[in-house]
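Novice: Taken in order, these protein sequences are the chains called A and B. Residue numbering for the first sequence is 281 to 403, as defined by our numbering. Residue numbering for the second sequence is 281 to 403, as defined by our numbering.
Hint data in this document are derived by calculation from the structure and do not stem from the laboratory. On a predicted model such as this, the values are computed, not experimentally measured, just so you know. Incorrect hints may have been included.
As the list claims (entries may be wrong) - Here are a few chain A residues that sit away from chain B, every Cβ distance over 12 Å (derived from the structure):
(1) Arg321
(2) Asn329
(3) Pro359
(4) Ser362
(5) His363
(6) Lys366
(7) Asp370
(8) His375
(9) Arg376
(10) Glu377
(11) Lys378
(12) Gly380
(13) Val381
(14) Ala383
What the hints assert, rightly or not - Here are the computed lysine to any residue pairs in the SDA-like style, where the Cα-Cα straight-line distance is at most 25 Å:
(15) Lys323/A - Ala313/B
(16) Lys366/B - Pro401/B
(17) Lys323/B - Ala320/A
(18) Lys323/A - Pro328/B
(19) Lys366/B - Cys348/B
(20) Lys378/B - Val361/B
(21) Lys323/A - Asp370/B
(22) Lys323/B - Leu356/A
(23) Lys323/B - Arg379/A
(24) Lys357/B - Val369/B
(25) Lys366/B - Glu377/A
(26) Lys323/A - Lys378/B
(27) Lys366/B - Ala320/B
(28) Lys323/A - Phe312/B
(29) Lys323/B - Phe312/A
(30) Lys323/A - Leu354/B
(31) Lys357/A - Lys323/B
(32) Lys366/B - Ala319/A
(33) Lys323/A - Asn329/B
(34) Lys366/A - Ala319/B
(35) Lys323/A - Pro401/B
(36) Lys378/B - Ala396/B
(37) Lys323/B - Gly372/A
(38) Lys323/A - Val381/B
(39) Lys323/A - Pro353/B
(40) Lys357/B - Gln311/A
Every residue, glycine too, gets a C-beta built ideally from N, C-alpha and C.
There are 2 protein chains.
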Amino acid sequence: MSAITTDTVELGLQITDETCCVPASGDKVLQFAEAELLAARFKALSDPNRLRILSIVSSSEELETCVCDLSEPLGLKQPTVSHHLKILVDAGILHREKRGVWAYFSVVPGALESLASSLLPKN
Amino acid sequence: MSAITTDTVELGLQITDETCCVPASGDKVLQFAEAELLAARFKALSDPNRLRILSIVSSSEELETCVCDLSEPLGLKQPTVSHHLKILVDAGILHREKRGVWAYFSVVPGALESLASSLLPKN
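Bound conformation, chain A alone (with noise of 0.2 Å):
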């Protein structure tokens, strides 16, 4: 399980038998505030530049990446590098440190994790 659970919501992409062949009633939904976390955190990865710097972050060995170091490898300008990198951290995918001039970026905990168990049947 991931280190982050509290706010964790999930599809529910498997029901029990004795919901077998009933057809959707209002109890099997999921609820809409719920679903409203999980849409802003898939709309923080609707965009592909975006999924770009979370791929940069994400594969780092030193588990952050200097916002220094993110506008070259995009090819992006650093307002529009920042402008995304605020998107992720709103959404809680990425932390935000600043050390000197400097801000780092790392994944949070569990975060993509969660997402991505969301997609996926319950066990």
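With chain A's structure known, arrange chain B on it following the hints.
Specialist: Chain B only, in chain A's frame:
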């Protein structure tokens, strides 16, 4: 592995030892075309009502759900449901089959597993 592999892309959450401690460079970054594919699918999941539709369709014991059974549990009008269903179909997440007067929807085999695996470290 999922049934659908041809367009599976991954964020590349792990890198090899050779790349340790080297600042991110262009060839470590998820390529833009792959990122665009993934982003389009996450965008389809970035709406709470679409996630609620998916929670119903993916939990159906009959592996498919009639469009006629979605409006009531979601509390949405038919055109709104159809709008969201089209987006999920266009994103390759749901499959649509017309039989008689109704359309039936099922999750494309492997689609959710493929998206989930893109978020997780490669093993």
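Novice: All hints are to be evaluated individually against the structure, with a verdict given for each.
Specialist: Verification of the hints:
1. Arg321: violated (8 Å)
2. Asn329: For asparagine 329/A, whose nearest Cβ neighbour in chain B is about 7 Å away, the distance does not exceed 12 Å, so it is violated.
3. Pro359: Proline 359/A clear of chain B: closest Cβ-Cβ about 19 Å, beyond 12 Å.
4. Ser362: holds (16 Å)
5. His363: With a cut-off of 12 Å, histidine 363/A remains clear of chain B, as the shortest Cβ separation is near 15 Å.
6. Lys366: holds (17 Å)
7. Asp370: The assertion about aspartate 370/A holds, with a minimum of 14 Å to chain B.
8. His375: Holds, since 16 Å exceeds 12 Å.
9. Arg376: At roughly 17 Å from the nearest Cβ of chain B, arginine 376/A sits farther out than 12 Å, so the non-interface label holds.
10. Glu377: With a cut-off of 12 Å, glutamate 377/A remains clear of chain B, as the shortest Cβ separation is near 17 Å.
11. Lys378: holds (19 Å)
12. Gly380: At about 17 Å from chain B, glycine 380/A clears the 12 Å cut-off, so the statement holds.
13. Val381: holds (17 Å)
14. Ala383: holds (15 Å)
15. Lys323/A - Ala313/B: holds (18 Å)
16. Lys366/B - Pro401/B: Violated, at about 31 Å.
17. Lys323/B - Ala320/A: Holds - the C-alpha atoms of alanine 320/A and lysine 323/B are around 10 Å apart, at most 25 Å.
18. Lys323/A - Pro328/B: Status holds; Cα separation ~10 Å.
19. Lys366/B - Cys348/B: Answer holds: lysine 366/B to cysteine 348/B is near 15 Å, not above 25 Å.
20. Lys378/B - Val361/B: holds (16 Å)
21. Lys323/A - Asp370/B: Holds, because 17 Å separates the two Cα atoms, which is no more than 25 Å.
22. Lys323/B - Leu356/A: holds (21 Å)
23. Lys323/B - Arg379/A: violated (33 Å)
24. Lys357/B - Val369/B: OK: lysine 357/B and valine 369/B at ~19 Å, within 25 Å.
25. Lys366/B - Glu377/A: This hinted pair is violated, its Cα atoms lying about 41 Å apart.
26. Lys323/A - Lys378/B: Not satisfied, since the Cα-Cα distance of roughly 30 Å exceeds 25 Å.
27. Lys366/B - Ala320/B: holds (14 Å)
28. Lys323/A - Phe312/B: holds (18 Å)
29. Lys323/B - Phe312/A: Holds. Lysine 323/B to phenylalanine 312/A sits at ~18 Å (cutoff 25 Å).
30. Lys323/A - Leu354/B: holds (21 Å)
31. Lys357/A - Lys323/B: holds (24 Å)
32. Lys366/B - Ala319/A: holds (17 Å)
33. Lys323/A - Asn329/B: Distance of about 13 Å is within 25 Å: holds.
34. Lys366/A - Ala319/B: OK: lysine 366/A and alanine 319/B at ~17 Å, within 25 Å.
35. Lys323/A - Pro401/B: holds (21 Å)
36. Lys378/B - Ala396/B: violated (28 Å)
37. Lys323/B - Gly372/A: holds (17 Å)
38. Lys323/A - Val381/B: Not satisfied, since the Cα-Cα distance of roughly 34 Å exceeds 25 Å.
39. Lys323/A - Pro353/B: holds (24 Å)
40. Lys357/B - Gln311/A: holds (18 Å)
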